[in-house]
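Undergrad: Per this note's numbering, the very first residue in the sequence shown carries number 733; after that it's consecutive.
Treat each hint with caution, since some may be false.
[Said to hold, decoys possible] List of simulated lysine-lysine pairs, BS3-like, C-alpha gap at most 25 Å:
1. 823 x 1001
2. 792 x 770
3. 823 x 797
4. 823 x 949
Just so you know, these hints were derived from the structure itself, not from any lab. Quick caveat, the model's predicted, so the values are computed rather than measured.
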Amino acid sequence: MTHPIRTSPGRRALLTLLGAAVVAPGVGAQPQGAPCDKPVYLTFDTGHMGVAPLIVDTLKRFDAKATFFLAQEPTMDGGQTLDDRWAPWWKALAAQGHDFGSHTWFHDAWAADLPDGRFRFRRAAGEQPVQMVELTAAQYCEELKRPAQRFLEMTGRPMSMIFRAPAGRTSTALLAVAQSCGYRHVGWSPSGFLGDELPSDRFPNQALLEQALRRVKPGDILMAHLGIWSRQDPWAPTVLEPLLQGLKSRGMCFAPLRDHPDYAAWMRKPAESALAQGPASSRPRQTN
733 MTHPIRTSPG RRALLTLLGA AVVAPGVGAQ PQGAPCDKPV YLTFDTGHMG VAPLIVDTLK
793 RFDAKATFFL AQEPTMDGGQ TLDDRWAPWW KALAAQGHDF GSHTWFHDAW AADLPDGRFR
853 FRRAAGEQPV QMVELTAAQY CEELKRPAQR FLEMTGRPMS MIFRAPAGRT STALLAVAQS
913 CGYRHVGWSP SGFLGDELPS DRFPNQALLE QALRRVKPGD ILMAHLGIWS RQDPWAPTVL
973 EPLLQGLKSR GMCFAPLRDH PDYAAWMRKP AESALAQGPA SSRPRQTN
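Let the sequences and hints guide you as you build the complete structure.
TA: Written as structure tokens, this is what we have:
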């Protein structure tokens, strides 16, 4: 499922203008055992998966570990991100030493806290029609756990008890519920928003690359996706490869989120045994 990444003459020129050397295959990796004293933390949320193999190929070239937040989203091949077709890919990715967290099962973005203790969400993934759903606290916990249950089935490995809310939207009450069922939220740094979900006619790849190279600093958590349906000019790997090289040329390195000082202790906790159980039979209410 992997594809070779080639560097075009135009991209070579762009790298030269940015003062970054073009990386040949197998070059640019952090030496084994070398200290990572200026780390940045790469994170990717699921998406249409059309560029997912290219992203992982690029990470391999730089010996970069990342954190992937998983939801059950539609893919360009007509399936879903966590279906049987993609299961071997996730298993191979887990074997490479990356980190994984929940992105909720249905990609539910928080919209409001309700007076009775429930929450309203905007359920939208890919090009699916938007639905508004209401979940109890218990149902939201199941939303967080289902990707972890599926990940365990696909890989034989537990997922860390971390999550990223779709669109980064949360409330104090929602975070409290998540923590009550064992989950801690991971956002991203202000300068770590890489812009791959923005329209490419207004935010072209070169502009996003130059902005990231100006703004990203050691300690930042960066955020992008495994494919955005609405972006006409794909962000990855066109921006990802020169971005990694540019950050590396400034002395930065790529550490897994389990090494982040805010999350290291939390991610060492064993996954809850409840994750091996099937999801609750309760279903969310839907509103028009």
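Undergrad: The structure should be examined with respect to each hint, and the outcome stated for every one.
TA: Checked hints:
1. 823 x 1001: Measuring from Cα to Cα gives roughly 21 Å; hence the hint holds.
2. 792 x 770: holds (19 Å)
3. 823 x 797: holds (15 Å)
4. 823 x 949: violated (31 Å)
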